[in-house]
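These protein sequence lines map, in sequence, to chains R and W. For the first sequence, my numbering gives the first residue as 1, with consecutive numbering after it. For the second sequence, my numbering gives the first residue as 1001, with consecutive numbering after it.
FYI, nobody ran anything at the bench for these hints, they're computed from the structure. All of these numbers come straight from a predicted model, not from anything done at the bench. Be aware that a few hints might be false.
[Unchecked claim] Short, incomplete list of chain W residues facing chain R, as computed with Cβ under 10 angstroms:
#	residue
1	1021
2	1022
3	1033
4	1097
5	1111
6	1146
7	1149
[Said to hold, decoys possible] Here are some chain W residues pointing at chain R (derived, C-beta under 7 angstroms):
#	residue
8	1026
9	1099
10	1103
11	1106
12	1150
C-beta: ideal position from N, C-alpha, C; glycine also.
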Amino acid sequence: MTARAQNGSERRIVVGVDGSEPSKAALSWAVAQARLTGAVVEAVIAWEVPATYGYPVPVSGVDWGDLAQQVLSEAIADVADAAAPAKISYKVVEGNPAQALVEESAGADLLVVGNRGHGGFVEALLGSTGQHCVHHATCPVVVIRDSGAGHRAEGGSR
Amino acid sequence: MGPQVSAGRILVGVDGSRASAAALRWAAAEAQIRGMRLHVVHALDQHAAAPAHYAPPGAGQDAAGHAMEVSALKALVREAVSPDGWPAVQVEVDAGLPVRVLLARAPGAAMLVLGSTRSVGFADAPAGKPRAPLGPVARDCLRAAPCPVVIVAEPSVQPEAEPARVG
């Protein structure tokens, strides 16, 4: 588990997507970065069946994996049409998002996450997923915040 | 809301740790890729630099110490940047709390790059297990920086060459 950025193999930028605005900002940042470095963007969405603490699942019949995939492809579509086509692969993972991102990002150039996702309170300093990633990922982690919409890297078009 | 640098700027905080040296290398490479200015900042924290909490304020903060910090910092920068010699580098040392020093320079930066020190075996920790929290500087920057924040991990000490330090 000590995978370090390997420049020999294909360069990857892993980005966590959950459909939230910061995660979409993270995805577009990742796409822009990938265009600069020639890396491939790997958008990852992870889903878990919501915890029900012993009660029967009230929303049976929902295909969470399907839903996750839909959220992901919508996010990608949002970002992709604003930008020149970049190489984006996507991956739907069942499991804890933070853990999935850390695992997927092993050996990647970068892991990009939004500063908070769904499920955190707005005041949270950094979503729990982002926090876990910052602590555990073996590659550099980029945390993108959505607030101040449009505060992108100025001069990025240079 | 001052005038913005047209080419953009990558801000990196350096405190002399191995992690911050890694952050500096990453930031230098990124500045080169993006054609941006590299803004290296080191904060001289009076409180951290003081010999002891009971020492008179300002102890160890003489001009000579300051100059040494600058030259050490410049050496570090040369090391990180040298191979191709990215010219657009600005090195700055300022007195103050690191968080304040960094955040004061964050507006208008394309990103803020920081190192993070990790304990041994950090990456192998199971998910959900509480770990030592991120340093206060990185934590506060993640909360308050208006720009993307990049956390670069301290390079691991080749585990294949040196399996364990114990014994």
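Going down the list of hints, with the structure as the test:
Given hint, residue 1021/W at the interface with chain R, is violated; its Cβ is 13 angstroms from that chain's nearest Cβ, farther than 10 angstroms. At a threshold of 10 angstroms, the smallest CB-CB gap from residue 1022/W to chain R is about 9 angstroms, leaving the interface hint in force. Because the beta carbon of residue 1033/W sits about 5 angstroms from the nearest beta carbon in chain R, less than 10 angstroms, this interface hint is met. Interface restraint check for residue 1097/W: the shortest CB-CB distance to chain R comes to about 18 angstroms, outside 10 angstroms, so the restraint is violated.
About 7 angstroms separates the beta-carbon of residue 1111/W from the nearest beta-carbon of chain R, less than 10 angstroms, and the hint is met. With its C-beta approaching chain R no nearer than about 6 angstroms, residue 1146/W sits inside the 10 angstroms limit, and its interface hint holds. With a cut of 10 angstroms, the hint placing residue 1149/W at the interface with chain R holds, because the nearest CB-to-CB distance is about 5 angstroms. Restraint check, residue 1026/W versus chain R: the minimum CB separation of about 6 angstroms is within 7 angstroms; hint holds.
Taken as an interface hint, residue 1099/W does not check out: its beta carbon lies about 13 angstroms from the nearest beta carbon of chain R, beyond 7 angstroms. For residue 1103/W, the suggested interface contact is broken, since its CB lies about 13 angstroms from the closest CB of chain R, more than 7 angstroms. Nearest Cβ of chain R to the Cβ of residue 1106/W: about 11 angstroms, over the 7 angstroms cut. The hint is violated. Because the smallest distance between the Cβ of residue 1150/W and any Cβ of chain R comes to about 5 angstroms, under 7 angstroms, the interface hint for this residue holds.
Hint violations for this structure: numbers 1, 4, 9, 10, 11, all remaining hints satisfied.
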